[in-house]
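Order-wise, the sequence lines are chains A, B, C and D.
If you're matching positions, the first sequence starts at 3 in our numbering and goes up one per residue.
If you're matching positions, the second sequence starts at 3 in our numbering and goes up one per residue.
If you're matching positions, the third sequence starts at 3 in our numbering and goes up one per residue.
If you're matching positions, the fourth sequence starts at 3 in our numbering and goes up one per residue.
It cannot be assumed that every hint is accurate.
Pairs involving identical chains hold if they fit within one copy or between any two copies, as the list cannot separate such chains.
[Claimed, not checked] Pairs of lysine-lysine residues, derived as DSSO-like cross-links and limited to a Cα-Cα distance of at most 30 Å, are as follows:
id	residue 1	residue 2
1	Lys123	Lys63
2	Lys11	Lys63
3	Lys134	Lys47
4	Lys114	Lys95
5	Lys11	Lys122
6	Lys114	Lys7
7	Lys117	Lys11
8	Lys9	Lys63
9	Lys123	Lys96
Note that these hints are calculated values from the structure, not bench results.
The model shown is predicted, which means the values in this text are computed figures rather than measured ones.
4 protein chains.
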Amino acid sequence: MYSYKHKVKYYETDKMGVTHHSNYIRFMEEARTDFLISHGFDYAKLEEMGIISPVVSIECKYRNTTTYPDVIDIFVSVEEVKAAKIRFNYIMKKADDTVCIEAASEHCFITKDGKIARLKKDFPEFFEAMTKLAENK
Amino acid sequence: MYSYKHKVKYYETDKMGVTHHSNYIRFMEEARTDFLISHGFDYAKLEEMGIISPVVSIECKYRNTTTYPDVIDIFVSVEEVKAAKIRFNYIMKKADDTVCIEAASEHCFITKDGKIARLKKDFPEFFEAMTKLAENK
Amino acid sequence: MYSYKHKVKYYETDKMGVTHHSNYIRFMEEARTDFLISHGFDYAKLEEMGIISPVVSIECKYRNTTTYPDVIDIFVSVEEVKAAKIRFNYIMKKADDTVCIEAASEHCFITKDGKIARLKKDFPEFFEAMTKLAENK
Amino acid sequence: MYSYKHKVKYYETDKMGVTHHSNYIRFMEEARTDFLISHGFDYAKLEEMGIISPVVSIECKYRNTTTYPDVIDIFVSVEEVKAAKIRFNYIMKKADDTVCIEAASEHCFITKDGKIARLKKDFPEFFEAMTKLAENK
Chain A
3 MYSYKHKVKY
13 YETDKMGVTH
23 HSNYIRFMEE
33 ARTDFLISHG
43 FDYAKLEEMG
53 IISPVVSIEC
63 KYRNTTTYPD
73 VIDIFVSVEE
83 VKAAKIRFNY
93 IMKKADDTVC
103 IEAASEHCFI
113 TKDGKIARLK
123 KDFPEFFEAM
133 TKLAENK
Chain B
3 MYSYKHKVKY
13 YETDKMGVTH
23 HSNYIRFMEE
33 ARTDFLISHG
43 FDYAKLEEMG
53 IISPVVSIEC
63 KYRNTTTYPD
73 VIDIFVSVEE
83 VKAAKIRFNY
93 IMKKADDTVC
103 IEAASEHCFI
113 TKDGKIARLK
123 KDFPEFFEAM
133 TKLAENK
Chain C
3 MYSYKHKVKY
13 YETDKMGVTH
23 HSNYIRFMEE
33 ARTDFLISHG
43 FDYAKLEEMG
53 IISPVVSIEC
63 KYRNTTTYPD
73 VIDIFVSVEE
83 VKAAKIRFNY
93 IMKKADDTVC
103 IEAASEHCFI
113 TKDGKIARLK
123 KDFPEFFEAM
133 TKLAENK
Chain D
3 MYSYKHKVKY
13 YETDKMGVTH
23 HSNYIRFMEE
33 ARTDFLISHG
43 FDYAKLEEMG
53 IISPVVSIEC
63 KYRNTTTYPD
73 VIDIFVSVEE
83 VKAAKIRFNY
93 IMKKADDTVC
103 IEAASEHCFI
113 TKDGKIARLK
123 KDFPEFFEAM
133 TKLAENK
């Protein structure tokens with residue numbers, strides 16, 4: 003099963019001796035863009051075309067801590083595709099298979115005219131691929 | 003009404019031209035520790051006593067973007083005090099009073115023996131003060 | 003004497019228990035932009051005019067550590083103004099007056115045509131003000 | 003020739019559209035710890051033994067910008083081993099082989115008694131290995 007690997011950096015820890023909780027939000031972004039590339043959708047290319055995809059919401063449950071130099075396995079899945087929004091789920095695990103993070107994020111897409119995209123109409127290929135992933139999750 | 007002010011730094015922006023969404027999680031921490039100090043509870047002193055307070059969960063809704071050099075007003079309140087957990091709410095506003103962030107975070111407390119604190123028994127003064135703030139929110 | 007104050011954030015510390023060394027480079031940026039505003043030059047406005055000012059070089063000597071929640075006093079001065087480059091010095095001190103950081107940074111300026119600015123010709127007012135500061139340092 | 007690869011993350015860019023200059027200091031740390039592991043010296047294990055290695059100084063020249071999703075090749079070498087200090091050099095290159103960063107960092111080592119280590123006496127194996135690398139650079 004596909005996972006994105008993030009090796010915790012020393013500078014990502016805090017004085018509690020663990021990965022600072024804000025960094026997992028960054029790992030979600032890394033994993034999500036990698037996941038989309040693995041399905042043929044390259045965020046860097048979207049941006050060059052004038053499309054941006056702001057984060058609409060984040061939820062994150064902290065189950066276990068990690069620290070430098072842990073390697074975290076991040077499993078991304080598409081939970082739901084709505085008219086104008088897509089929701090991803092994230093499970094992060096340590097090498098010993100304990101879950102450290104359960105999270106979700108929602109994103110909309112802004113077209114180059116500055117409007118919120120209707121996914122089915124504006125990006126039909128993307129809509130279809132994501133819907134298929136959501137069905138097979 | 004009490005608010006904590008965060009001035010967005012250039013290094014907190016990203017190539018979309020706005021404050022990167024992960025940074026608001028950091029602003030929540032800044033505002034929360036400042037809020038607790040304003041109510042007589044200094045996290046740095048707690049930590050010196052061997053008590054730590056991990057984040058249990060985060061929720062964050064992104065309503066509007068900010069960018070350098072915006073000044074964000076962060077309003078913190080205690081939403082709920084449970085046996086072993088406390089939940090804070092956050093509203094962040096821009097200078098023109100538009101809401102940019104609505105968020106919440108939950109925290110537990112670990113005693114110096116490494117156990118999850120029962121707030122009422124282990125930190126009665128803190129429990130009482132936070133409960134009062136939750137009632138008056 | 004003018005100083006910019008940075009209060010160290012919890013998320014700026016690392017598992018060594020101190021402010022991560024990369025963050026001082028960020029504090030230099032905060033202090034420099036604040037210093038320039040205090041002399042009438044607002045970087046945000048320059049950028050709106052299409053002018054950007056990349057960092058050309060950084061030097062930083064780490065004399066003493068700081069940690070959350072230390073307040074650092076940052077003293078900025080103009081060391082030298084060259085044809086196309088300006089060099090700033092930074093001294094950072096803790097509350098007890100011990101020096102924690104001695105640093106310098108060099109910057110050039112890119113005009114809206116994408117060319118490296120000749121300071122005297124392209125930004126005469128800025129050139130003169132900075133030269134005066136360098137002479138009186 | 004050995005190089006450490008860093009893929010620039012979206013959250014490492016700033017509103018100028020490029021990797022924020024402070025992040026290269028972090029990439030140096032990543033590359034240095036990876037370089038030391040590749041020569042048999044694991045910083046995480048040193049730290050477990052009570053040894054820490056603070057950064058004494060940093061120098062960084064910014065030759066070219068990078069941005070998301072560039073992959074940067076980082077070449078680390080030992081420039082000099084002194085009695086109590088070691089100096090590393092860094093060259094960072096983009097995929098097209100243009101140099102983006104030339105940098106150096108100096109580090110001392112603190113023994114578990116809290117004293118600055120004399121490398122030859124306190125860590126003879128490490129001293130010898132690093133000296134050999136400095137000679138063959």
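Results for each hint:
no. : hint             : result
1   : Lys123 <-> Lys63 : between (34 Å within a copy, 26 Å between copies)
2   : Lys11 <-> Lys63  : both (21 Å within a copy, 22 Å between copies)
3   : Lys134 <-> Lys47 : within (22 Å within a copy, 45 Å between copies)
4   : Lys114 <-> Lys95 : between (37 Å within a copy, 27 Å between copies)
5   : Lys11 <-> Lys122 : between (39 Å within a copy, 29 Å between copies)
6   : Lys114 <-> Lys7  : neither (32 Å within a copy, 33 Å between copies)
7   : Lys117 <-> Lys11 : between (38 Å within a copy, 26 Å between copies)
8   : Lys9 <-> Lys63   : both (20 Å within a copy, 27 Å between copies)
9   : Lys123 <-> Lys96 : neither (40 Å within a copy, 34 Å between copies)
Violation of the numbered hints given earlier is confined to hints 6 and 9; the remaining hints are satisfied by the structure.
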